[in-house]
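K.L.:
Terminal number for the sequence shown in the numbering used here: 100, no gaps in between.
None of these hints come from the bench; they were simulated from the model.
The C-beta atom is built at its ideal place from N, Cα and C for all residues, glycine as well.
Check before you lean on any hint, since a few could be wrong.
[Unchecked claim] Simulated restraints, written as ranges between beta carbons of each label pair:
1) M68 with T32: 31 to 39 Å
2) S20 with E44: 15 to 23 Å
3) R51 with Y11: 17 to 25 Å
4) M68 with W23: 32 to 40 Å
5) E36 with M68: 18 to 26 Å
6) R51 with V21: 27 to 35 Å
7) A33 with K79: 27 to 35 Å
8) E55 with P13: 28 to 36 Å
9) L2 with D67: 16 to 24 Å
10) G85 with G47: 12 to 20 Å
11) D64 with W23: 30 to 38 Å
12) Q9 with K79: 29 to 37 Å
13) Q87 with A40: 17 to 25 Å
14) M10 with L48: 24 to 32 Å
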Amino acid sequence: MLWMHERPQMYCPFAGELDSVLWYLHMAWAKTADREKDYAAALEIAGLTARGILEDDERSIRVDLNDMVTKRVLSFWSKVDRMLGLQVRVQSWFESSDSQ
Numbered sequence: 001m002l003w004m005h006e007r008p009q010m011y012c013p014f015a016g017e018l019d020s021v022l023w024y025l026h027m028a029w030a031k032t033a034d035r036e037k038d039y040a041a042a043l044e045i046a047g048l049t050a051r052g053i054l055e056d057d058e059r060s061i062r063v064d065l066n067d068m069v070t071k072r073v074l075s076f077w078s079k080v081d082r083m084l085g086l087q088v089r090v091q092s093w094f095e096s097s098d099s100q
């Protein structure tokens, strides 16, 4: 998960893919760590809706650390990480987006 936060555009060309990959990585981690209930609670507290965190038209936006959609995906998953006690936030982009 750390690498996805460090260089998301290296692993996923589109925001929808980035969100999906992070979803599945977190889900696999939760299953392996026997923390599925914590994961579900973190998703709810972080603001996950039944529709997800992206609108349909945002899913095909290219991953770019300067783009607000990419920042929103990474910020959402960083919030989930914090709630789970995971330390994966490594980018300077996050500090600038926290203040917005």
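K.L.:
All hints are to be evaluated individually against the structure, with a verdict given for each.
P.N.:
Comparing the hints with the structure gives:
no.	hint	verdict
1	M68 with T32: 31 to 39 Å	32 Å, holds
2	S20 with E44: 15 to 23 Å	19 Å, holds
3	R51 with Y11: 17 to 25 Å	24 Å, holds
4	M68 with W23: 32 to 40 Å	20 Å, violated
5	E36 with M68: 18 to 26 Å	31 Å, violated
6	R51 with V21: 27 to 35 Å	18 Å, violated
7	A33 with K79: 27 to 35 Å	18 Å, violated
8	E55 with P13: 28 to 36 Å	18 Å, violated
9	L2 with D67: 16 to 24 Å	21 Å, holds
10	G85 with G47: 12 to 20 Å	19 Å, holds
11	D64 with W23: 30 to 38 Å	20 Å, violated
12	Q9 with K79: 29 to 37 Å	21 Å, violated
13	Q87 with A40: 17 to 25 Å	21 Å, holds
14	M10 with L48: 24 to 32 Å	25 Å, holds
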